[in-house]
Amino acid sequence: MIGRSKRNGGRRSEAIVSGKRKGDSGNGGGNGIDRRVFAVVARVMNTEADALAPELRFVEDLRADSLRVMELVLELQEEFGIEIPDSALERIRSVGDAVEFVRGKLADG
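Mapping of the sequence shown onto the working numbering: residues 575 to 683, in sequence order.
Treat the hints with care, as some may be off.
[What the hints assert, rightly or not] Below, simulated SDA-like cross-link-like pairs (lysine to any residue); rule was C-alpha separation at most 20 Å, straight line:
(1) Lys679 <-> Arg665
(2) Lys679 <-> Glu664
(3) Lys679 <-> Glu653
(4) Lys679 <-> Arg667
Hint data in this document are derived by calculation from the structure and do not stem from the laboratory.
Just need the whole structure built from these sequences, with the hints factored in.
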């Protein structure tokens, strides 16, 4: 997965390759948002945050069923005070997707 993440009002951007930002350990150690998303995913998926990686998919890799995915969505909404519309669920298929979605929602205000 290749994308771009903007910081500081768009003045600086970091390339994301394979779901990891430069300097990110890949297990939620990058910044506060990453750590919090990884912690929520770990709690809901009943695993350790250190065992997670951005490329892990909820259904295929972490064996989550639809109820577990909905629980994850509810927990992320509560943790970050954001709304995750049903239309976004198709785009949030992995741990890295969840991190990027939450970052985007928080950046949008």
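Query raised in the report: Tell me, which hint numbers fail for this structure?
Result: none
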